[in-house]
Amino acid sequence: MNIKTTKLLSDLNEQLNFIELEIDNQITRCESSIEIILKVLINLKNLISKFKFKSETEEIQFFKEIKPQFSSKLIYYNMVYKIEMKRPNGGNRIVKKYFQNELQKLKAYFDNELDFYKYYRSGSSYLDHKYFLRGKFDIKLALDSYYFETDASFSTSHDFKVARILANDLIQLYIEDQLIMIENKDLGDKSQRKPNTKLIWTSSKVALTELIYALHSEGVFNNGAADLKDIAENFEHIFEIDLGQYRRTFLEIRARKNDKTKFITTLNEGLLKRMENSDEVI
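Each residue of the sequence shown is one higher than the one before, counting from 1 in my numbering.
Worth double-checking, as some hints may not be accurate.
Here are the simulated BS3-like pairs of lysine-lysine, each with C-alpha atoms no more than 30 angstroms apart in a straight line [claimed, not checked]:
#1 Lys7 to Lys64
#2 Lys229 to Lys39
#3 Lys198 to Lys82
#4 Lys7 to Lys96
#5 Lys229 to Lys185
#6 Lys185 to Lys45
#7 Lys136 to Lys161
#8 Lys64 to Lys105
#9 Lys7 to Lys97
#10 Lys82 to Lys52
#11 Lys64 to Lys136
#12 Lys229 to Lys105
#13 Lys96 to Lys45
#14 Lys82 to Lys118
#15 Lys7 to Lys52
#16 Lys50 to Lys161
#17 Lys205 to Lys185
Derived by calculation from the structure, the hints in this document are not laboratory data.
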């Protein structure tokens, strides 16, 4: 099961990444992404319909950890689609207020679901048998009405809530990125002295994002007082590169199963190899 779902998720991420690169219009991008995700969810549902879980633990793992990774993407792109469709045509001040209101909506959802947020974020499991087993819902747990309209063979009372939490993390980053872009427009282009030698970043944007987060974590700029946003903008300016939603990229890096710091590990290994080579020119 894990091998098949991992392959499905990997293929889905690959298709979504391709769309991110190929389609510039955000609304069109969301439409294409939603279409693909729906097809993959149908495949996932068919897979589960033919599969018998070996234990309750395995079933809980699927509905708590695996399915939300798929459904959260659908929630994310659908909500971004709605946000962009309703984006006002006014000036920066109006658009900024609009996105701030969207952040407030996320906070309202968080406040309303605070108990489950705490349960999920803390890694608790004492209610998993009620939350993530099919047909084991407890009406006293304040269920959303949508649950009673879902396919009971492919849903539990709380797998959607987990997906919503994961999606909300990404939506918050998306909105914050939009607000940063608005602030940058307000500030306007500032002339800065350029170095004599132009450097071009030829590794991946993911690798650069990993490096930026590592440097920020170590506090190497301004005695640790530099904001992540400022560091990222400086790197973007130096290398004339658009890192896009680098906060979202970091979430993907953090979710890696193996070697979360792949680029940093490669740097470390390369430097150690250079130090061990006595003939290397310093």
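Lys229 and Lys185: Cα distance at most 30 angstroms? holds, 15 angstroms
CA of Lys7 to CA of Lys96, is that 30 angstroms or under? violated, 39 angstroms
Does Lys97 lie within 30 angstroms of Lys7 when you go C-alpha to C-alpha? Roughly 41 angstroms between the alpha carbons, so the hint for Lys7 and Lys97 is violated.
Given the hint that Lys229 pairs with Lys39, does the C-alpha gap stay at or below 30 angstroms? violated, 36 angstroms
Keeping to a limit of 30 angstroms between CA atoms, is the pair of Lys185 and Lys45 held or broken? violated, 45 angstroms
Measure nothing beyond the straight line between the CA atoms of Lys50 and Lys161; if it is 30 angstroms or shorter, mark the hint as holding. holds, 25 angstroms
Sort out whether Lys64 lies within 30 angstroms of Lys7, counting only the CA atoms. holds, 18 angstroms
Please verify whether Lys82 and Lys52 have alpha carbons no more than 30 angstroms apart. violated, 37 angstroms
For a C-alpha distance cap of 30 angstroms, please report whether Lys205 and Lys185 respect it. holds, 23 angstroms
Do the alpha carbons of Lys64 and Lys136 lie within 30 angstroms of each other, as the hint requires? This hinted pair holds, its Cα atoms lying about 14 angstroms apart.
Does the alpha-carbon distance linking Lys64 and Lys105 stay inside the 30 angstroms limit? holds, 24 angstroms
Verify the proposed pairing of Lys229 with Lys105, using a straight-line Cα cut of 30 angstroms. holds, 23 angstroms
This entry does not satisfy hints 2, 3, 4, 6, 9, 10, 13, going by the numbered hints stated previously.
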